[in-house]
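*Asks:* Let chain F serve as the given structure and place chain X on it in line with the hints.
Respectively, the protein sequence lines represent chains F and X.
Read in order, the letters of the first sequence correspond to residues 0 to 338 in numbering that gives the first Met the number 0.
Read in order, the letters of the second sequence correspond to residues 0 to 310 in numbering that gives the first Met the number 0.
Since the hints were derived computationally from the structure, they do not count as laboratory data.
All clues given are correct.
Below, a list of computed lysine to any residue pairs in the SDA-like style, where the Cα atoms sit at most 25 Å apart:
#, chain 1, residue 1, chain 2, residue 2
1, F, Lys130, F, Gly104
2, X, Lys118, F, Gly14
3, F, Lys130, X, Ile300
4, F, Lys177, F, Thr217
5, X, Lys70, X, Asp57
6, X, Lys136, X, Tyr190
7, F, Lys103, F, Asp66
8, X, Lys303, F, Arg93
9, X, Lys114, F, Asp83
10, X, Lys303, F, Pro131
11, F, Lys103, X, Ser210
12, F, Lys130, X, Arg224
13, X, Lys303, X, Leu248
14, F, Lys130, X, Ser210
15, F, Lys103, X, Arg227
16, F, Lys167, F, Leu308
17, F, Lys130, X, Arg302
Residues from chain F that keep clear of chain X, each with C-beta distances beyond 10 Å, as calculated:
#, residue
18, His12
19, Phe13
20, Ala59
21, Ser109
22, Gly127
23, Gly128
24, Gly184
25, Gly312
26, Asp327
Over the 12 Å line for every Cβ pair with chain X, so calculated as not near, a few chain F residues:
#, residue
27, Leu164
28, Glu223
29, Ala226
30, Thr275
31, His332
32, Gly335
Since this is a predicted model, take the numbers as computed values, not measurements.
Each residue gets a CB set at the ideal place from its N, CA and C atoms; glycine is no exception.
Given next are the chains, with one letter for each unit.
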Amino acid sequence: MTPAVEFQSVSRHFGAVKAVDRVDLTIAEGSFFAMLGPSGSGKTTCLRLISGFEMPTSGAVRIFGEDMGMVPPNRRHVNTVFQDYALFPHMNVRDNVAYGLMVKGVDRRSREARAEEMLSLVKLDGFGGRKPAQLSGGQRQRVALARALVNEPRVLLLDEPLGALDLKLREAMQDELKSLQQRLGITFVFVTHDQGEALSMADRVAVFNEGRVAQVGTPSEIYERPATRFVADFVGSSNVLAPEVTEAFGGPRAWASLRPEAIRLVSGGRVRGTVTGTRYLGAGTRLEVRAGALPGPPSGEHDGGIAVLVPAGAAVPAVGAEVALDWDAAALHVMGDGA
Amino acid sequence: MSDAAHPARGPGDRLTAHFWRRPKLLTLLLLLPPLLWLGVVYIGSLAALLLQSFYSIDPFSGLVVPEFTLKTYGELLIPSNFDIIVRTVAMAAAVTLAAAILGFPIAFFAARYAKGRWKAVFYLGIMLPLWSSYLVKVYAWKLILAKEGIITWAAEGIGAGNLLNAVLALPVIGGNSLSTSYIGTFLVFLYVWLPYMILPMQASLERVPTSMLEASADLGASNWRTLRSVILPLALPGVVAGSIFTFSLTLGDYIIPQIVGSSRFFIGQAVYSLQGTAGNIPLAAAFAVVPIAIMLVYLTIARKMGAFDAL
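So that you can see chain F by itself, here it is in the shape it has in the complex (with noise of 0.2 Å):
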């Protein structure tokens, strides 16, 4: 089957800016996709190559199998959600929706039932006469998320979608969303430097650093089995452990992660150490925790000492505490040498 979005060692130059660098990536049809990274790593510009806002300094984007290096956005069979949803002011929002069918030369009639359509598929039947500024912002979003669905798209690109709206309302559109792209079975690629948000929307996840992608695949992928160090500490911010201490904690002399909640509170396990700060976190508490003996600091960058995540309901040791650590032999997840 062709790929929905393929793109072939693709850079994007800003003059010595490198925002993106030879990034090859496939979208499968009829995926959900995380572009992962934090902010400047390549990834909202990887959107914009795909929506055809940026053309790339070399590579090549395609789009089912077609080149898309002279297709304007405008001729593009993708739409896109915007960051700050870009609704037009001066139009109600059934007008705003039905932009797309107007451009296309849809009678009015037609064009406005069809709105209305996309304004139910969201939730927001009898929204339509409202202008955007009398919504709210859970309520724009889904007025930009109709207003770039009327045109069918093949590919939808979602830019930040829910970074704008609060926790509450956000956990509410991330299920929304998800069953939205299931009952359409349509591509979505959305951008996000919130590795909760990608890890529990997405079926593939491409995690960006410095404008390269470090690692792509399924979020248990990314999350267990994480192939560089950035991966590691970017997606659940793990231990990272260089070489010399991976060794002394029982591995191969090479660079692992080892996820806080993976380690347990024991008396008498593989490594004692001292609890030298705690953050409560709500579901749980973490953890630093600076074992003595060990070659060098414990973390690849920063040394703040192994992270621990105690559950909630356990005892929580105070600062100060001496405590031993354990984890099972698989937790301890070998890296390759990458950066």
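*Replies:* The following block gives chain X in isolation, referenced to the frame of chain F:
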């Protein structure tokens, strides 16, 4: 007070505290001078003007009769007076339209594409003409447009002399030379008021987020469609603001048509001569009310058209 955390520090602090507790008093104090200026000096004199326009002049003694009458307004409808109004309004409309068409691309470029140094060049380019004397500019234009001026010379130089003559031979707007025709008056008005159109347009275009233009393209719109359906409606408040300047400034000006153009009167000139040599203050006042009335009608229409909806 001996409270160590918030020691009192003198009368200035006490005054600040006083105002802090009564924010309305401070607002009132700040607003009083401008309100007095606006209310007494500005609105007051306007009201006096309006009052004068309802008086009439005694045809024999030439004295103002301070009795309410609509006779003076009736005089505006006399063909010779009404022609002045039509001429002025037509000129103001033409200048406004031309300024909008000419100014839009400039404003659009400045708002969307000019960055850093280019932005400074833009502002300088727009503002620089405003730094020199209005009279100097108008007289300079008279020389430029004169029969012996650079335009005639250049037109003949490139063999377009006949074209220029053909344009000048046009009825009504043509004339002996550019500097004695309505075309000349129009060009000078356009030159002098153009910055007042560009600046508000640019400000309103700058407020249109790029993502909105991208959204339009993303939904399949061509650039032309985006301009028509998104950019223009959103820039309309700026266009209207600019047109208020160009329209009302042209309506009221009495210098430019006096120096450049045919010797026929515009409203401003009529007011000037009526209140001066003729001493007919009521008719001058009635003439002066015309631009105000036209602007009120204009703003009402603009508002009905939704020009201020996107504000």
